[in-house]
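Each chain, written out:
There are 2 protein chains.
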Amino acid sequence: MKADLECLSCLMKQALNSVNIATDDPLLKREVLDRVSAIIPEADLNRTPAEISKPVYRIVSEITGNADPYKKAREETNREALGLLPLLEEKLRRSASPLQTALHMAVAGNIVDIGIGHAFDLQKDVLALLDVPFADDDSDSFAGELIAGRNLLYLGDNSGEIVFDRLLVKTLLSYGIKVTYTVKSGPIINDALMEDAQTAGITALVPVLETGADDIGINLDHCSPAFRKALADADVIIAKGHGNFETCSDLPYNFYFLLKAKCAVVARELGVTLGDIVFKKTTARS
Amino acid sequence: MKADLECLSCLMKQALNSVNIATDDPLLKREVLDRVSAIIPEADLNRTPAEISKPVYRIVSEITGNADPYKKAREETNREALGLLPLLEEKLRRSASPLQTALHMAVAGNIVDIGIGHAFDLQKDVLALLDVPFADDDSDSFAGELIAGRNLLYLGDNSGEIVFDRLLVKTLLSYGIKVTYTVKSGPIINDALMEDAQTAGITALVPVLETGADDIGINLDHCSPAFRKALADADVIIAKGHGNFETCSDLPYNFYFLLKAKCAVVARELGVTLGDIVFKKTTARS
Chain Y
1 MKADLECLSC
11 LMKQALNSVN
21 IATDDPLLKR
31 EVLDRVSAII
41 PEADLNRTPA
51 EISKPVYRIV
61 SEITGNADPY
71 KKAREETNRE
81 ALGLLPLLEE
91 KLRRSASPLQ
101 TALHMAVAGN
111 IVDIGIGHAF
121 DLQKDVLALL
131 DVPFADDDSD
141 SFAGELIAGR
151 NLLYLGDNSG
161 EIVFDRLLVK
171 TLLSYGIKVT
181 YTVKSGPIIN
191 DALMEDAQTA
201 GITALVPVLE
211 TGADDIGINL
221 DHCSPAFRKA
231 LADADVIIAK
241 GHGNFETCSD
251 LPYNFYFLLK
261 AKCAVVAREL
271 GVTLGDIVFK
281 KTTARS
Chain G
287 MKADLECLSC
297 LMKQALNSVN
307 IATDDPLLKR
317 EVLDRVSAII
327 PEADLNRTPA
337 EISKPVYRIV
347 SEITGNADPY
357 KKAREETNRE
367 ALGLLPLLEE
377 KLRRSASPLQ
387 TALHMAVAGN
397 IVDIGIGHAF
407 DLQKDVLALL
417 DVPFADDDSD
427 SFAGELIAGR
437 NLLYLGDNSG
447 EIVFDRLLVK
457 TLLSYGIKVT
467 YTVKSGPIIN
477 DALMEDAQTA
487 GITALVPVLE
497 TGADDIGINL
507 DHCSPAFRKA
517 LADADVIIAK
527 GHGNFETCSD
537 LPYNFYFLLK
547 AKCAVVAREL
557 GVTLGDIVFK
567 KTTARS
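Top to bottom, those sequences are chains Y and G. Residues in the first sequence are numbered from 1 upward in steps of one, following our numbering. Residues in the second sequence are numbered from 287 upward in steps of one, following our numbering.
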């Protein structure tokens, strides 16, 4: 999808959020905000929101000297999510429709970042989301894709969230599907890395492949040949979260996008209301 | 009060909101956002949020050629607020504590801008707010100021809201207070002008004075001698809304700030939670 005028304003918002995590120095913060303001006129709205946002995080790292400001947040969200895992596993075991339940658990993981330090609220929020229907629901079509022996590529999103993905991955394996999970090759915001896949127990379940890049979502120009091959060879792809939707919605593969619409621009593109959850089959396939 | 780093990010947000009201032309919108991004590095955080925001609205008007983008919004919010007036007048008549009720009605006016086109919600929201206590409540101190014959200067804020101010003005008159209401001399966002004071019926009740300027809040350097004299001569001043609080909180007069904390920066300065309503006596008086 293409970026929107609102994304220009969001660059400053992202810069502010990120620099507040990366440093306490008000002079460095100001320097970051001024530098980000200077890239606004250069931002090409024919590119994806994820692409025009990436320089914000490069600027934060350059100016603060903090190459991975979200490392602590990644560890904390993993820990929090792992704390909820036994409860969710039990709920999934008892579920009359495990695929729907596991899809909901995976998308509920998308709210983990909000919950840092509020374990009780997190639990409440995650459980509440399990009963919310998808505003766009292609799970019937997806269920038809689940034929033993087929290849499913699973594009991960954030740390923390990745723990919930494990439940969906396990559910997919029960269909005899061959699942490959993917993580980023380098830190970008709080996106899951190989170490998060290990912490979440995904590496013990399925092969985990790095994208070869550290983009928000996927930028094929930066990805490894192995990742590009995996994408082309997959019978079906689950893509989690905003970044993957923003960057893959126009790719000619068999995508199912699983996300919560967290901003007005993405909600509009999806044709849903801000805050809705969706499980949407790609419309871009040729 | 001084601006904050968050205000820099808010400049882009204000630019986006304002240009969406001023024009439908995406190229002009982009031009505005780029121009506003260029003033971010120049913004002096030792000035007030209102002062650093004003150029945003100048840029919107210059580039779109629309000198008063909020004219229609001002008229609509006045109309909506007038529709609620009989209900509120009746409630005020029946109130056991008319001063508290009128203060709440005046601050409830602050939410009118959200309600455009949603008359039912507006009514619901305004009525709900009447029962919300002030998070900071200097109304006892204020009640002690209400001695017949004293001069009260009332700094208005938005159109729409001004209709609710009328109820508080009338209540103050019942104490024998001499009230002067003030409006802006030229359009700035949806701030009330003389025509709004007429529409709201304030001119029929009390003298209405223009500030001499078109600033967000008050910039004494731009105000008329008559306004500056009224400020210095007032025994007590009610200042409505964000802009007046931001620009007057350090002035050495007897201010009572009546507002809803609509952003995190102002909430922090007030020592309250975002969304709280306050009626706060100045702490700056020498």
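Wrong hints could be hidden among the right ones.
Which residues of chain Y face chain G? A partial, calculated answer using Cβ under 10 Å [what the hints assert, rightly or not]:
# : residue
1 : 6
2 : 17
3 : 45
4 : 46
5 : 47
6 : 51
7 : 149
8 : 150
9 : 151
Under the rule of at most 30 Å between Cα atoms (straight-line distance), these lysine-lysine pairs were calculated in the BS3-like manner [to be verified]:
#  : chain 1 : residue 1 : chain 2 : residue 2
10 : Y       : 13        : G       : 456
11 : Y       : 262       : G       : 377
12 : Y       : 91        : Y       : 13
13 : G       : 567       : Y       : 262
14 : G       : 548       : Y       : 13
15 : Y       : 2         : G       : 410
16 : Y       : 13        : G       : 288
17 : Y       : 71        : G       : 299
18 : Y       : 124       : G       : 410
For the record, the hints were derived by calculation from the structure and aren't laboratory data. Treat the numbers as computed from the prediction; the structure is a model and nothing was measured. Every residue gets a Cβ at the ideal spot worked out from N, C-alpha and C, and that includes glycine.
Comparing the hints with the structure gives:
{"no.": "1", "hint": "6", "in the structure": "holds (6 Å)"}
{"no.": "2", "hint": "17", "in the structure": "holds (9 Å)"}
{"no.": "3", "hint": "45", "in the structure": "holds (8 Å)"}
{"no.": "4", "hint": "46", "in the structure": "violated (12 Å)"}
{"no.": "5", "hint": "47", "in the structure": "violated (14 Å)"}
{"no.": "6", "hint": "51", "in the structure": "violated (17 Å)"}
{"no.": "7", "hint": "149", "in the structure": "violated (49 Å)"}
{"no.": "8", "hint": "150", "in the structure": "violated (43 Å)"}
{"no.": "9", "hint": "151", "in the structure": "violated (42 Å)"}
{"no.": "10", "hint": "Y:13 / G:456", "in the structure": "violated (43 Å)"}
{"no.": "11", "hint": "Y:262 / G:377", "in the structure": "violated (40 Å)"}
{"no.": "12", "hint": "Y:91 / Y:13", "in the structure": "violated (37 Å)"}
{"no.": "13", "hint": "G:567 / Y:262", "in the structure": "violated (39 Å)"}
{"no.": "14", "hint": "G:548 / Y:13", "in the structure": "holds (17 Å)"}
{"no.": "15", "hint": "Y:2 / G:410", "in the structure": "violated (38 Å)"}
{"no.": "16", "hint": "Y:13 / G:288", "in the structure": "holds (20 Å)"}
{"no.": "17", "hint": "Y:71 / G:299", "in the structure": "holds (29 Å)"}
{"no.": "18", "hint": "Y:124 / G:410", "in the structure": "holds (28 Å)"}
Of the hints listed earlier, those the structure fails to meet are numbers 4, 5, 6, 7, 8, 9, 10, 11, 12, 13 and 15, in rising order.
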